[in-house]
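S.K.: Protein chains in written order, with the working numbering: chain A, 3 to 514; chain B, 52 to 729.
Among the hints, a few may not be true.
Residues from chain A shown here face chain B by an in silico Cβ test under 8 Å; the list is partial [said to hold, decoys possible]:
{"hint": "1", "residue": "S65"}
{"hint": "2", "residue": "Y66"}
{"hint": "3", "residue": "L398"}
{"hint": "4", "residue": "F416"}
{"hint": "5", "residue": "G457"}
The following residues of chain A were derived to be distant from chain B, with all beta-carbon distances above 10 Å [claimed, not checked]:
{"hint": "6", "residue": "P21"}
{"hint": "7", "residue": "P54"}
{"hint": "8", "residue": "Y139"}
{"hint": "9", "residue": "T189"}
{"hint": "10", "residue": "E421"}
Bear in mind the hints are in silico, worked out from the structure with no lab data behind them.
Yeah, the Cβ is synthetic: ideal placement off N, Cα and C, and Gly gets one too.
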Amino acid sequence: MTVPYSLLLVFILPTLGVPLAYFAAKKSTKAAGILVALIALANIGLVLSTLPAIASDSIYQESYVWIPILDARFTLFVDGISASIALISLVLILAATLFSINYMEGKKNLPVYYALLSMLSIGLVGVFITSNLLLFYFCWELMLVPAYFIVGGWGYRESYRAAFKLFIFTHAGAVFVLLGIGAIYMTTGLTDMFAAQAALLSYSGIARWILIALTAGFAVKMAIVPLHMWLPDAHSEAPATMSALLSGVIISAGAYAILRLSLGTVFPAVAGTEFGSSFLHGLAVFGVISAFFGAFIALVETDIKRIIAYSSIAHMGYVMFGLSLYSSAPIVGAITITAAIVGTVLHIVNHAVSKGLFFLSAGAIMHQTEMRDINEMGGLAGKMPFTGASSITAALSIAGSPPFACFVSEFLIFVGAFEIISVDGFYTFPTIFMLIATVLSLAYSLRFIYRVFLGQSRSKNAGQESESEGEKKVVDAPTFMKLAMGILVIFVIILGIYPAFFINLIKTVAII
Amino acid sequence: MLADVTSWLVWIFPLVSSVFVPLIARAGEKARNAFVIGVTAVTASLALTLIPAASSGEGGAINLVAPWISQAITAGVYIDPLSVLFTCLVGFFGLIIAIYSLGYMKHEENLTRYYFYLLLFIGSMIGLVISDNFLQLFIFWEMVGLCSYSLISFWNNRPESVKAGNKVFIMTRIGDASLLAAVGILYASLNTFSFHGTITAILNGTLPSSTLTVVAFLVLGGAIAKSAQLPLHTWLYSAMEAPTSISALLHAATMVKAGVYLIARFILIAAPMIAVLEGSWLPTVAWIGVLTAFLGATMALYTPDIKGVLAYSTVSQLGFMMAALGTSLAASESLGWFASLFHTMSHAFFEGLGFLLAGGIIHALGTRDMRLMGGLRKAMPVTYALAIIMILTTSGLPPFAAFFSKGLIITSITEEGSLLQVILIYATTAITFAYSLRFVKLIFLGKESEHLQKLHPHEAPKIMLAPAFVLAVACLIWGFLEPWLGSYMGVAEVPSLLSSFVGLETAIFAVILIPAGLLIYAAYWKNYSIMNSLRSASNPLAKLLSHGYFFDDFYEKVVAKGVMLFSRGVKFFEVVFLEIFPMVFANMVIRFAGGVHKYFEAAADQLLTVIAGRTVDSAAKVKTLDSLADRFLDIIARHTLRSASRAEGSSSSLQHYLAAALLGFIVLVILLIISVGV
Numbered sequence: 003m004t005v006p007y008s009l010l011l012v013f014i015l016p017t018l019g020v021p022l023a024y025f026a027a028k029k030s031t032k033a034a035g036i037l038v039a040l041i042a043l044a045n046i047g048l049v050l051s052t053l054p055a056i057a058s059d060s061i062y063q064e065s066y067v068w069i070p071i072l073d074a075r076f077t078l079f080v081d082g083i084s085a086s087i088a089l090i091s092l093v094l095i096l097a098a099t100l101f102s103i104n105y106m107e108g109k110k111n112l113p114v115y116y117a118l119l120s121m122l123s124i125g126l127v128g129v130f131i132t133s134n135l136l137l138f139y140f141c142w143e144l145m146l147v148p149a150y151f152i153v154g155g156w157g158y159r160e161s162y163r164a165a166f167k168l169f170i171f172t173h174a175g176a177v178f179v180l181l182g183i184g185a186i187y188m189t190t191g192l193t194d195m196f197a198a199q200a201a202l203l204s205y206s207g208i209a210r211w212i213l214i215a216l217t218a219g220f221a222v223k224m225a226i227v228p229l230h231m232w233l234p235d236a237h238s239e240a241p242a243t244m245s246a247l248l249s250g251v252i253i254s255a256g257a258y259a260i261l262r263l264s265l266g267t268v269f270p271a272v273a274g275t276e277f278g279s280s281f282l283h284g285l286a287v288f289g290v291i292s293a294f295f296g297a298f299i300a301l302v303e304t305d306i307k308r309i310i311a312y313s314s315i316a317h318m319g320y321v322m323f324g325l326s327l328y329s330s331a332p333i334v335g336a337i338t339i340t341a342a343i344v345g346t347v348l349h350i351v352n353h354a355v356s357k358g359l360f361f362l363s364a365g366a367i368m369h370q371t372e373m374r375d376i377n378e379m380g381g382l383a384g385k386m387p388f389t390g391a392s393s394i395t396a397a398l399s400i401a402g403s404p405p406f407a408c409f410v411s412e413f414l415i416f417v418g419a420f421e422i423i424s425v426d427g428f429y430t431f432p433t434i435f436m437l438i439a440t441v442l443s444l445a446y447s448l449r450f451i452y453r454v455f456l457g458q459s460r461s462k463n464a465g466q467e468s469e470s471e472g473e474k475k476v477v478d479a480p481t482f483m484k485l486a487m488g489i490l491v492i493f494v495i496i497l498g499i500y501p502a503f504f505i506n507l508i509k510t511v512a513i514i
Numbered sequence: 052m053l054a055d056v057t058s059w060l061v062w063i064f065p066l067v068s069s070v071f072v073p074l075i076a077r078a079g080e081k082a083r084n085a086f087v088i089g090v091t092a093v094t095a096s097l098a099l100t101l102i103p104a105a106s107s108g109e110g111g112a113i114n115l116v117a118p119w120i121s122q123a124i125t126a127g128v129y130i131d132p133l134s135v136l137f138t139c140l141v142g143f144f145g146l147i148i149a150i151y152s153l154g155y156m157k158h159e160e161n162l163t164r165y166y167f168y169l170l171l172f173i174g175s176m177i178g179l180v181i182s183d184n185f186l187q188l189f190i191f192w193e194m195v196g197l198c199s200y201s202l203i204s205f206w207n208n209r210p211e212s213v214k215a216g217n218k219v220f221i222m223t224r225i226g227d228a229s230l231l232a233a234v235g236i237l238y239a240s241l242n243t244f245s246f247h248g249t250i251t252a253i254l255n256g257t258l259p260s261s262t263l264t265v266v267a268f269l270v271l272g273g274a275i276a277k278s279a280q281l282p283l284h285t286w287l288y289s290a291m292e293a294p295t296s297i298s299a300l301l302h303a304a305t306m307v308k309a310g311v312y313l314i315a316r317f318i319l320i321a322a323p324m325i326a327v328l329e330g331s332w333l334p335t336v337a338w339i340g341v342l343t344a345f346l347g348a349t350m351a352l353y354t355p356d357i358k359g360v361l362a363y364s365t366v367s368q369l370g371f372m373m374a375a376l377g378t379s380l381a382a383s384e385s386l387g388w389f390a391s392l393f394h395t396m397s398h399a400f401f402e403g404l405g406f407l408l409a410g411g412i413i414h415a416l417g418t419r420d421m422r423l424m425g426g427l428r429k430a431m432p433v434t435y436a437l438a439i440i441m442i443l444t445t446s447g448l449p450p451f452a453a454f455f456s457k458g459l460i461i462t463s464i465t466e467e468g469s470l471l472q473v474i475l476i477y478a479t480t481a482i483t484f485a486y487s488l489r490f491v492k493l494i495f496l497g498k499e500s501e502h503l504q505k506l507h508p509h510e511a512p513k514i515m516l517a518p519a520f521v522l523a524v525a526c527l528i529w530g531f532l533e534p535w536l537g538s539y540m541g542v543a544e545v546p547s548l549l550s551s552f553v554g555l556e557t558a559i560f561a562v563i564l565i566p567a568g569l570l571i572y573a574a575y576w577k578n579y580s581i582m583n584s585l586r587s588a589s590n591p592l593a594k595l596l597s598h599g600y601f602f603d604d605f606y607e608k609v610v611a612k613g614v615m616l617f618s619r620g621v622k623f624f625e626v627v628f629l630e631i632f633p634m635v636f637a638n639m640v641i642r643f644a645g646g647v648h649k650y651f652e653a654a655a656d657q658l659l660t661v662i663a664g665r666t667v668d669s670a671a672k673v674k675t676l677d678s679l680a681d682r683f684l685d686i687i688a689r690h691t692l693r694s695a696s697r698a699e700g701s702s703s704s705l706q707h708y709l710a711a712a713l714l715g716f717i718v719l720v721i722l723l724i725i726s727v728g729v
């Protein structure tokens with residue numbers, strides 16, 4: 003059962019949501035939150051409705067007239083990869099919006115906040131479901147603008163400074179992306195990423211520059227070391243809902259774009275050359291560096307959100323490593339699916355829910371305790387059992403422990419890596435390093451759990467009993483926060499025990 | 052057919068039931084406890100019903116699968132004597148520990164969490180040993196680690212408990228990474244996770260021998276971490292922070308036995324190509340086992356912690372098991388392999404018994420320090436009697452279980468191992484006897500300590516003694532089941548019971564116990580000064596033992612500190628190079644912009660002045676021109692007027708003036724048209 007215009011509706015609904023949420027929030031912020039959440043839910047339904055078409059044809063497309071002079075059509079599509087990531091992004095938007103209802107309570111300018119949130123969700127999903135390069139770039143930038151204002155307007159401490167950093171860094175990356183897209187248009191005259199793949203095959207000379215420009219641009223968004231400097235500030239100063247979306251979806255968009263554009267569209271033109279393989283090796287090296295860099299800093303950081311932010315960098319390292327395992331002789335006409343690529347896409351999905359949950363839980367902790375230094379926390383599990391359970395779930399998933407989500411995808415990436423090692427010996431050492439990195443990720447996750455939730459409270463006024471008069475007693479998160487975290491906890495566990503749904507969905511890409 | 056269902060239920064049932072513990076706990080503590088006992092009892096009986104199923108399998112394993120991740124990657128169970136043996140062990144101990152916990156954990160809070168993890172632990176461990184593929188095994192392998200972490204740090208408001216839990220989880224994760232690599236490499240080269248597929252590939256020779264060797268060593272890496280072998284054995288001592296009931300479960304059945312199972316399973320799978328592993332891998336296993344056994348036993352000789360003795364004893368006994376597995380090519384084909392599994396069970400009984408008794412003692416005395424104990428035999432006579440059975444079994448004296456199993460291990464090592472291994476293993480048995488004697492002497496014999504006199508300790512409650520009693524009985528009878536177990540496990544030559552008594556090994560074993568006993572006698576009964584000086588903290592040997600050969604000091608002071616220091620370095624690097632560098636860059640941009648402002652704009656200012664001056668100048672010139680033109684026009688007009696006035700007179704001067712203007716306009720238009728036309 004496919005809804006007509008379903009993908010167009012995915013764009014239209016949140017667009018309509020912008021004014022609606024604004025005016026609804028003037029009356030009641032709860033209504034606005036529920037409205038935006040319902041739109042996300044409707045979008046989930048719309049994307050799900052395309053799954054039968056994906057199952058039979060491996061792709062579902064819609065095309066509308068847009069800018070005739072550039073031969074740019076408003077082409078929307080979903081295949082297994084897009085649908086998986088779009089679905090999980092929508093789930094995260096849903097959870098983040100529900101979380102906002104309690105979390106943002108009492109803040110200023112909430113009508114604007116909900117309008118921006120709705121606007122953000124256009125770009126967040128749009129970027130995954132379009133095959134037109136101009137539209138892609140449009141959505142890419144549309145992700146950034148509301149993000150800038152949300153981080154700046156509702157963040158902590160020096161939020162505008164962080165937002166400025168976010169904007170400048172990723173916009174500088176976007177310039178490279180625009181350069182690459184422009185070059186594709188100049189050489190092939192095409193703005194469709196699928197059509198451009200075949201057309202680029204005869205331009206292997208320019209293709210390598212396009213490849214480098216696009217990948218560099220996307221790597222900034224993905225916060226690959228050393229282009230990551232915007233991430234810790236933006237993630238830690240943003241409101242929790244925005245951190246969840248930033249870390250869950252926005253940086254994943256960078257990974258998705260590398261897979262779809264750099265590797266999918268441009269890479270076949272240079273495949274088989276020496277440049278092609280050293281490009282992939284380079285990705286592996288940057289992946290390993292990011293994984294270690296993020297893990298090491300997460301091990302010594304004391305700010306609750308910065309720990310999670312650095313673990314995002316580490317996990318993007320895993321994703322980058324997974325991407326580097328892309329087939330060096332790809333099939334023209336589609337993304338070439340191997341165990342590693344299935345694992346990588348699945349890791350994007352799993353990391354999105356786990357990290358979203360992690361940031362929301364951290365937000366709940368900060369909201370309820372008004373602390374953010376983990377050295378002052380401790381023993382919170384008893385006071386906030388629900389938040390504690392969901393944080394620990396998230397932390398263990400991030401550490402790659404079964405039965406939680408990230409284990410499956412990390413495992414698949416490693417299986418893919420071992421498959422490649424037998425062909426290309428270069429990957430031996432990166433794989434060994436990544437295996438060591440799994441130990442580090444467990445270490446920082448356990449440190450987090452211990453410092454925040456277990457042991458005794460170490461807060462400055464721990465000497466006096468927390469029950470003493472005037473002292474606010476720490477209680478568990480309110481209803482909507484619990485609801486939001488509960489949704490994600492269920493996803494983290496189900497994705498860990500029965501990952502077949504997404505794996506099969508991703509695998510449909512192979513069928514041409 | 053029944054076995055088909057039970058083989059799935061035996062692990063799914065406790066796993067699923069664990070989720071219901073928090074729900075049932077709402078109905079009250081009694082309902083929850085009854086539920087847990089019920090689940091473990093059902094699990095244990097399900098496990099026992101599997102025994103006939105495996106033996107009727109005509110040598111081949113029953114392998115059932117169900118679709119899971121894809122058609123090729125399935126979930127499944129693998130029923131053969133090996134998996135059934137471990138399933139029964141875990142099921143049986145699950146029940147024992149659940150009953151014991153009723154007494155031991157009675158006054159604790161958060162027991163819902165405790166029982167939840169207990170059932171999850173049991174279910175995961177059974178899932179581990181019954182899996183039919185490496186992926187499922189690995190997942191449960193990790194889950195066992197997770198459960199042990201949660202249970203070891205059960206008292207999570209005590210920093211020591213949590214730190215111990217962290218240490219256990221992280222150290223075993225090193226082995227997990229190694230096992231993950233092994234599983235990944237196997238899948239990458241065979242495209243299957245299943246044991247059956249792997250065995251077929253090995254039979255067909257599809258697996259290159261170099262790959263098999265690499266995989267074997269990586270598997271060993273996993274087992275070393277999980278089964279607390281050198282050099283990753285230190286976590287087991289730290290795990291003593293756990294509630295004693297959990298220590299008992301951890302040592303006897305779950306967690307540490309996983310490594311033994313893994314190696315035993317791997318030897319079965321690799322059996323057709325075992326010749327490849329004979330050269331380097333099996334001797335490595337044997338050496339690690341022997342060294343672990345020896346060092347573990349020596350450390351047990353010194354520690355003052357009652358649970359510490361038992362922990363090091365486990366390390367040592369696990370070494371025996373590994374050593375036996377490493378000599379799997381004994382004359383009777385799989386004698387070492389069998390000896391190891393036989394001893395696994397014996398060890399479960401006596402070590403489990405030891406922990407259950409220790410739990411009772413800790414309960415009564417509120418301390419784990421043996422130096423504060425002594426003379427407990429009067430206050431706790433039943434515990435004392437059971438402890439005697441425990442140490443006799445541990446030391447391997449007849450007719451208790453370990454006499455047969457340890458004897459078989461020694462035989463196996465004598466036949467296959469090198470001379471040095473044989474010497475070390477005999478020495479270890481002697482030291483085992485020594486630390487067992489010391490254990491009893493320090494706790495039960497002698498006169499009552501001051502600590503004891505203050506406390507007036509009482510015997511452990513019946514609910515804690517009953518499980519211990521069951522285990523003591525098991526210690527007594529297990530050894531006599533050797534022939535049955537041998538034929539059940541499919542050993543070619545089932546060793547007879549009598550042969551255990553008459554061999555040369557037994558004689559050596561008996562003789563070597565005497566000096567060990569004498570040494571302990573001299574040190575703890577007679578208090579000879581030479582022994583005291585040997586035991587004093589200043590003695591380098593004592594220092595070596597009390598620090599556990601400095602393994603932990605190395606890990607904590609060098610490795611952990613090093614990693615943290617390095618992490619700080621990375622952070623510093625980030626701050627300096629990645630935070631400051633962009634800032635410097637940004638400053639440069641700003642300064643450049645300032646420069647632009649300063650120099651360019653100043654220049655522009657000057658230029659502007661010049662231009663303005665020129666413009667004014669030119670404007671002035673224009674003005675001059677203008678005035679010239681004006682004057683010119685004036686002259687023309689004046690002349691026109693003059694001529695006009697001459698002709699018509701002043702009255703018509705205005706008319707003339709207009710006519711002239713019109714003429715001028717027409718000329719102008721014509722000029723304009725001409726200029727455009729051109």
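S.K.: All hints, please: hold or fail.
M.R.: Going through the hints against the structure:
Restraint check, S65 (chain A) versus chain B: the minimum CB separation of about 33 Å is more than 8 Å; hint violated. Here the hint on Y66 (chain A) is broken, as its CB sits about 36 Å from the closest CB of chain B, past 8 Å. The criterion of a C-beta within 8 Å of any C-beta in chain B is met by L398 (chain A), whose closest approach is roughly 7 Å, and the hint holds. Hint status for F416 (chain A): holds, given a least beta-carbon distance of 5 Å to chain B, under 8 Å.
The criterion of a C-beta within 8 Å of any C-beta in chain B is met by G457 (chain A), whose closest approach is roughly 5 Å, and the hint holds. The beta carbon of P21 (chain A) sits about 38 Å from the closest Cβ of chain B, which is more than 10 Å, so the claim that it is off the interface holds. With a least beta-carbon separation of about 20 Å from chain B, P54 (chain A) lies farther than 10 Å from that chain, consistent with its non-interface assignment. In this structure Y139 (chain A) is separated from chain B by more than 10 Å, as the shortest Cβ-Cβ distance comes to about 25 Å.
Chain B leaves T189 (chain A) outside its interface by the beta-carbon criterion, the shortest separation being 32 Å against a cut-off of 10 Å. Look at E421 (chain A): its CB is around 4 Å from the nearest CB on chain B, not clear of 10 Å, so calling it non-interface is violated.
Of the numbered hints given earlier, the model fails hints 1, 2, 10; all others are met.
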